[in-house]
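Here is how the chains run, residue by residue.
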Amino acid sequence: MNCRYVQAHLSAYVDMELTGAEQQRIRAHLECCMECSAEYETLLRVKHLVRRLPTIHPPHGAEAILQRLVEYRIRQAPRRYRLWQTRWWRYAWGVVAAALVFWWTSGNETNPTSPIQSDALIPTLTSPYPKRSFSFPIFNNKRSEPTPLTSPQFSPVQSPLIMPVSSSPFEPNPMLVPVVENRGTTDTLQPTFDQTSPTSPTRRYRR
Amino acid sequence: MVYTAAAKHMEDEIHREFDELVRRHYRQAYNLAYRLTGNAADAEDLVQDAFLRAYRFFDRYDRSMPFMNWFSRILTNLYIDEYRRRGRLKTISLDEPLQTEEGEDGPATLDLPDPSPSPLEMAMDQEYIDAIHEGLQHLAPDFRTAVVLADIQGHSYEEIAEIMGTSIGTVRSRIHRGRKQLRDYLLKRHPELFERGDLK
Numbered sequence: 000m001n002c003r004y005v006q007a008h009l010s011a012y013v014d015m016e017l018t019g020a021e022q023q024r025i026r027a028h029l030e031c032c033m034e035c036s037a038e039y040e041t042l043l044r045v046k047h048l049v050r051r052l053p054t055i056h057p058p059h060g061a062e063a064i065l066q067r068l069v070e071y072r073i074r075q076a077p078r079r080y081r082l083w084q085t086r087w088w089r090y091a092w093g094v095v096a097a098a099l100v101f102w103w104t105s106g107n108e109t110n111p112t113s114p115i116q117s118d119a120l121i122p123t124l125t126s127p128y129p130k131r132s133f134s135f136p137i138f139n140n141k142r143s144e145p146t147p148l149t150s151p152q153f154s155p156v157q158s159p160l161i162m163p164v165s166s167s168p169f170e171p172n173p174m175l176v177p178v179v180e181n182r183g184t185t186d187t188l189q190p191t192f193d194q195t196s197p198t199s200p201t202r203r204y205r206r
Numbered sequence: 000m001v002y003t004a005a006a007k008h009m010e011d012e013i014h015r016e017f018d019e020l021v022r023r024h025y026r027q028a029y030n031l032a033y034r035l036t037g038n039a040a041d042a043e044d045l046v047q048d049a050f051l052r053a054y055r056f057f058d059r060y061d062r063s064m065p066f067m068n069w070f071s072r073i074l075t076n077l078y079i080d081e082y083r084r085r086g087r088l089k090t091i092s093l094d095e096p097l098q099t100e101e102g103e104d105g106p107a108t109l110d111l112p113d114p115s116p117s118p119l120e121m122a123m124d125q126e127y128i129d130a131i132h133e134g135l136q137h138l139a140p141d142f143r144t145a146v147v148l149a150d151i152q153g154h155s156y157e158e159i160a161e162i163m164g165t166s167i168g169t170v171r172s173r174i175h176r177g178r179k180q181l182r183d184y185l186l187k188r189h190p191e192l193f194e195r196g197d198l199k
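Protein sequences, first through last, are from chains A and B. Counting from 0, one number per residue, gives the positions in the first sequence under numbering that gives the first Met the number 0. Counting from 0, one number per residue, gives the positions in the second sequence under numbering that gives the first Met the number 0.
One chain only, chain A, in its complex shape (with noise of 0.2 Å):
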């Protein structure tokens, strides 16, 4: 081992990265060699001088890279969002005015093609409000003498607020059922046409 080798691993040695063997030779050469002994020696204290350098506190705390963060993320969000939002709210709106349609319709009986067909599978309501204003006055326009039913079936909603499920395919979605109109009476409900169009009737119930 000549002084060239062992100046060369002088820093490896000060830092303990050799291996135990190469330590131990590096100690011996050093024990008897008064120049590897002094370079080793600045080396160690410079080594102490920069580990010995005080910290630096930051002048600033850590909100400035936070408040960076955030605007970061702000200019990212958008970005990776955008193309479902705008889907899911075309969504949105297609299903809402798909259900204001279909309430519009519903409401007014004044569909031709309406699946209640069978008079004796119309049920009669007992209504506690005076009316079930589905219809808009701009389809109320007359009403024709009552027609009784020939065998009415009852099944009486007890609050306007629940709406029943239907458990049979014939038994129509009492949403679906026509105008109800309350005198006062509990009398029976009795379904009547309203034969104001002959080609398509509205079908009423009156007392």
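Since the hints were derived computationally from the structure, they do not count as laboratory data. Keep in mind it's a predicted model, so treat the numbers as computed, not measured. By construction, the Cβ of each residue, glycine as well, lies at the ideal position given by its N, Cα and C atoms. Check the hints yourself; a few may be wrong.
[Said to hold, decoys possible] Pairwise CB distance ranges (calculated): (1) N68(B) x T54(A): 17 to 23 Å; (2) R26(A) x F57(B): 43 to 49 Å; (3) M33(A) x D18(B): 53 to 59 Å; (4) N1(A) x I167(B): 20 to 26 Å; (5) A91(A) x D80(B): 45 to 51 Å; (6) R3(A) x D183(B): 16 to 22 Å; (7) W102(A) x I13(B): 42 to 48 Å; (8) E10(B) x G93(A): 25 to 31 Å.
Start from chain A and add chain B according to the hints.
This is chain B only, laid out in the frame that chain A set:
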């Protein structure tokens, strides 16, 4: 809706985790950046840029290794690549006389923030602290980075090799040459620092 809620929740978790890492390691990162760049303003910029870059590539962070090892790599790479490209690093030969812009002899003054030294660190005069700091700035960026990572950050050669993306042999060489240059710089200005028995 479900997808967004889950994604949002996950993203919030990552934000929280990263923000906590920023708070925990900000001081150490700033200290490293300060010793690399040599001044407070550049150090702050470097730390901010490095944390932003770390956030962008946070999905690549292997949580089994210490965050600071991974982050030091980002910070030093950013420093060596970007700052050298911008020409903000001036590597001055140790042989040429120190001159300020006005042409006067003597080292240029550096804006040192209040270091608030611990009682142990009080043993070293501010004059020496400044000299060592300036000496570090006169090293080549690669040498300075290796020395700072080893002696200030306390990393092993293996960690430094990983941080700097080099071999252990290169790290060993850089630290050795860096220390020797720093020693020569300090010997010229403050030979008393190397007197036996001092600063032990």
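The hints, checked one at a time:
For the pair N68(B) and T54(A), the supplied restraint of 17 to 23 Å holds, since their beta-carbon distance comes to about 19 Å. The given range of 43 to 49 Å is respected by R26(A) and F57(B), whose C-beta atoms sit roughly 45 Å from each other. With their beta carbons about 56 Å apart, M33(A) and D18(B) fall inside the hinted range of 53 to 59 Å. For the pair N1(A) and I167(B), the supplied restraint of 20 to 26 Å holds, since their beta-carbon distance comes to about 23 Å.
A hinted range of 45 to 51 Å holds for the C-beta pair A91(A) and D80(B), which are about 48 Å apart. A C-beta distance of roughly 18 Å is found between R3(A) and D183(B), which places it inside the suggested range of 16 to 22 Å. Checked against the hint of 42 to 48 Å, the C-beta distance between W102(A) and I13(B) comes to roughly 44 Å, which is consistent with it. At roughly 28 Å, the beta carbons of E10(B) and G93(A) sit within the given window of 25 to 31 Å.
Comparing the model with each earlier hint shows no violations; every hint is respected.
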